[in-house]
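Can you build the whole structure from these sequences, using the hints too?
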Amino acid sequence: VDLQPGNGRAWLALGMADLLQGDLGSAKEQLAHAAKHMPEHLGSWIALGWVQLLQGDVDAAETSFKAALTADPNF
Numbered sequence: 001v002d003l004q005p006g007n008g009r010a011w012l013a014l015g016m017a018d019l020l021q022g023d024l025g026s027a028k029e030q031l032a033h034a035a036k037h038m039p040e041h042l043g044s045w046i047a048l049g050w051v052q053l054l055q056g057d058v059d060a061a062e063t064s065f066k067a068a069l070t071a072d073p074n075f
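Residue numbers in the sequence shown follow our numbering, run continuously in steps of one, and reach 75 at the last position.
Think of the hints as simulated: they come from the structure by calculation, not from any bench. Be aware that one or more of the hints could be misleading.
Estimated spans, in silico, between C-beta atoms of each pair [to be verified]: (1) 2 with 74: 32 to 42 Å; (2) 4 with 40: 31 to 41 Å; (3) 3 with 73: 13 to 23 Å; (4) 58 with 29: 11 to 21 Å; (5) 26 with 63: 15 to 25 Å; (6) 5 with 25: 16 to 26 Å; (7) 3 with 58: 33 to 43 Å; (8) 3 with 62: 33 to 43 Å; (9) 29 with 3: 26 to 36 Å; (10) 40 with 1: 28 to 38 Å; (11) 2 with 59: 30 to 40 Å; (12) 58 with 36: 14 to 24 Å; (13) 75 with 13: 13 to 23 Å.
Where a beta carbon is used, it is the ideal one built from N, C-alpha and C, also for glycine.
Right, dumping it as structure tokens:
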């Protein structure tokens, strides 16, 4: 991400690694960057939504899940 800060896949990888380590705060931040840079990537929105849900932020999780449905209504 230092070399290519707009690379959503890199942000996604960092976010998922943080999630696996249990660092929800950092995972949320990284996954938000992934979703920002890849708004059509459903997995980024869903992962972000799950982190938000695990943090107890139901409203933010709903917004992220709805973003995934907006990107692909058949999801």
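**Request:** Hint by hint, work out which the structure violates, then give me just those numbers in ascending order.
**Result:** Per hint list: 2, 3, 9, 10 violated.
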